[in-house]
Each structure stands twice: as C-alpha cells, then as structure tokens.
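Take these sequences, add in the hints, and give me the full structure.
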Amino acid sequence: QQQVKQSPQSLIVQKGGISIINCAYENTAFDYFPWYQQFPGKGPALLIAIRPDVSEKKEGRFTISFNKSAKQFSLHIMDSQPGDSATYFCAAGGQGFSFIFGKGTRLLVKP
Amino acid sequence: GAVVSQHPSWVICKSGTSVKIECRSLDFQATTMFWYRQFPKQSLMLMATSNEGSKATYEQGVEKDKFLINHASLTLSTLTVTSAHPEDSSFYICSAEGPRTDTQYFGPGTRLTVL
Chain A
1 QQQVKQSPQS LIVQKGGISI INCAYENTAF DYFPWYQQFP GKGPALLIAI RPDVSEKKEG
61 RFTISFNKSA KQFSLHIMDS QPGDSATYFC AAGGQGFSFI FGKGTRLLVK P
Chain B
1001 GAVVSQHPSW VICKSGTSVK IECRSLDFQA TTMFWYRQFP KQSLMLMATS NEGSKATYEQ
1061 GVEKDKFLIN HASLTLSTLT VTSAHPEDSS FYICSAEGPR TDTQYFGPGT RLTVL
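Line by line, the protein sequences are chains A and B. Read in my numbering, the first sequence has 82 at position 82, and its numbers run on one by one without any break. Read in my numbering, the second sequence has 1040 at position 40, and its numbers run on one by one without any break.
FYI, nobody ran anything at the bench for these hints, they're computed from the structure. Here the structure is a predicted model, which means the values were calculated and not measured. Some hints here could point you the wrong way.
[To be verified] Quick list of the computed label-pair ranges, beta carbon to beta carbon:
1. B:V1003 x A:K5: 29 to 35 Å
2. B:K1014 x A:S65: 46 to 52 Å
3. A:P111 x B:T1031: 40 to 46 Å
4. A:Q95 x B:L1074: 31 to 37 Å
[Said to hold, decoys possible] Sample of chain B residues lacking proximity to chain A, with all beta carbon distances greater than 12 Å (derived):
5. T1032
6. E1052
7. E1059
8. G1061
9. K1066
10. T1075
11. Q1104
12. R1111
[What the hints assert, rightly or not] Keeping only pairs whose Cα atoms sit at most 30 Å apart, straight-line, the calculated BS3-like set for lysine-lysine is:
13. A:K71 x B:K1064
14. B:K1055 x A:K42
15. B:K1020 x A:K42
16. A:K58 x B:K1041
17. B:K1020 x A:K15
18. B:K1020 x A:K5
19. A:K42 x B:K1066
20. A:K103 x B:K1020
21. B:K1066 x A:K103
22. A:K42 x B:K1041
Here a beta-carbon is modelled for each residue, glycine too, at the ideal position from N, C-alpha and C.
This is the structure:
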C-alpha cells in the first residue's frame, strides 16, 4: 500500500516532442505529489507538485495531470529539449507521511 | 529561496574511519530533515527522518549505531558514517522540509567512497 509505481523506466524523445511519465500510488491518504528532476551527480530538484484538489497544474513546459479516482498522476514535458535529459522521480507524501519515491525514469531528448 | 547545502560534496576515506556529512538549510528553518542513500541508477532510499532536538527515526534495516544522525539546530543536521566499509560507498543526499510543510528540498548530495 506504500508503493509508487513509475513508468516507463527509460524514455527517448526527439527534440520538440512531448515526454510523458506516469505514476500510480496506492495509499489514498497521500495528498501531495511532487516531481523531481535529477542530473547525474546532483541532488534531486523540485520541478512541480500537485495536491488532489486540482486535476492539472502547469508551470512553463511542465504539466502534472492528476486522476484521483484512478490514483494516478503524470508529468508532461512539452517541447522537450536536450537540456531536459535527466532522471525524473515522482513521489507521494503528505502530512505525517515520509515521501515514497518512484523508481525513476531516465529521459533522453535527442537533438 | 529554499536552498539546502551539503558538505563535503565528495569524500574518500579508508575503511574503519568515520565520516561526517553536514546538511544545512541556508535560507529557511527546517524542523524536519531527511537522509537518503542512492545507489547508481536507482531511486532514493530513505534512511532516517531527523527532527530538531529529538532522536532520529530510522527506517527498517538501517543501523542506527552505524549511521549517527544529529539535528542540533533548525538549520543543521549531520550524518556520521561510523567505521565505514567499502559497502557504505554511496551517494548520500539530505533534504529539508521547506517553508511550506510537505515540500522537501534536496541538497546536492555527498559522494562517499570507502577504500
């Protein structure tokens, strides 16, 4: 009940394309869903986060879509750029919960 | 805002020695800090949750006597790897619960290599 399943494990997208990463959680008590971006040898950086009271949140080229009934949320990266090539982690958490991280998605954006 | 630093960024030590890693929240106070370990190409594994002024809460399977955590102030938590061995070599990352609760801000990580 504490797992967060993330897919795909790796993703290759052409420059300008849309990158889509999906996550599914089990514990309905989670109420905070962040996405982190990590470059090799660096710590994860908070990219964007959403709470269950909205179904979508957009910040620049990054959009989170949230489906509460399906217990799923996804990250969409529009107009993907080579500089977006990194590992992306979804997480689920909230008040009283430590973050549960997905296993990560290695994104490669080809020029 | 919400910057977290770690020191050192990398360290090489001999087997049997102890290594201390510092985690600081630079522009906010963090009641709660977290310590993670990350193996190459893998996800973050939570080691312990550190609350200012109290004992850390360790995750199952993490040796509290080996990984000593101290959270002495609202801006500093330390992780000491005692009697380090080669299998302790890893990337250690801290995070701090941000100005708005629920959000975690991560440090840049510390690469530990034990020879």
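Hint check results:
For V1003 (chain B) and K5 (chain A), the Cβ-Cβ distance of about 31 Å falls inside the hinted range of 29 to 35 Å, so the restraint holds. Take K1014 (chain B) and S65 (chain A): their Cβ atoms lie about 50 Å apart, and the range 46 to 52 Å holds. Evaluation of the 40 to 46 Å hint for P111 (chain A) and T1031 (chain B) yields a pass: the beta carbon distance comes to about 44 Å. A hinted range of 31 to 37 Å for the beta carbons of Q95 (chain A) and L1074 (chain B) is inconsistent with their spacing of about 19 Å.
Its closest Cβ contact with chain A, about 9 Å, brings T1032 (chain B) to no more than 12 Å, contrary to its assignment away from the interface. Consistency note on E1052 (chain B): stated as away from chain A, and its beta-carbon is indeed over 12 Å from all of that chain's, at 16 Å minimum. At roughly 8 Å from the closest C-beta of chain A, the C-beta of E1059 (chain B) falls inside 12 Å, breaking its exclusion from the interface. Against chain A, the non-interface label of G1061 (chain B) holds: every CB pair exceeds 12 Å, the least being about 15 Å.
Every CB of chain A is more than 12 Å from the CB of K1066 (chain B) (nearest about 20 Å), matching its label as outside the interface. Distance check for T1075 (chain B) against chain A: the nearest CB is about 17 Å away, which clears 12 Å, and the non-interface claim stands. Listed as outside the interface, Q1104 (chain B) is inconsistent with that label: its C-beta sits roughly 6 Å from the nearest C-beta of chain A, within the 12 Å cut-off. Distance to chain A contradicts R1111 (chain B) as a non-interface residue, since its nearest Cβ pair spans about 7 Å, not more than 12 Å.
At most 30 Å may separate the alpha-carbon atoms for a hinted pair to count; K71 (chain A) and K1064 (chain B) exceed this at roughly 34 Å. Distance hint between K1055 (chain B) and K42 (chain A) is fulfilled; the C-alpha atoms sit about 28 Å from each other, no more than 30 Å. Between the alpha carbons of K1020 (chain B) and K42 (chain A) the distance comes to roughly 19 Å, so the proposed pair stays at or under 30 Å and holds. Taking the CA atoms of K58 (chain A) and K1041 (chain B), the gap is near 28 Å; set against the 30 Å cutoff, the hint holds.
Annotation: proposed proximity of K1020 (chain B) to K15 (chain A) is violated, straight-line Cα distance about 42 Å (limit 30 Å). Under the criterion of a C-alpha separation no larger than 30 Å, the hint pairing K1020 (chain B) with K5 (chain A) is inconsistent with the structure, at around 33 Å. A hinted pair counts as satisfied when its Cα atoms are at most 30 Å apart, and K42 (chain A) with K1066 (chain B) qualifies at roughly 25 Å. For the given pair, K103 (chain A) sits about 28 Å from K1020 (chain B) by alpha-carbon distance, which is consistent with the 30 Å threshold.
In summary, the hint linking K1066 (chain B) to K103 (chain A) is supported, as the alpha carbons are separated by about 26 Å, within the 30 Å threshold. Of the supplied pair hints, the one linking K42 (chain A) and K1041 (chain B) holds, its CA atoms being roughly 12 Å apart against a limit of 30 Å.
Hints 4, 5, 7, 11, 12, 13, 17 and 18 from the earlier list are contradicted by this structure; the remaining hints agree with it.
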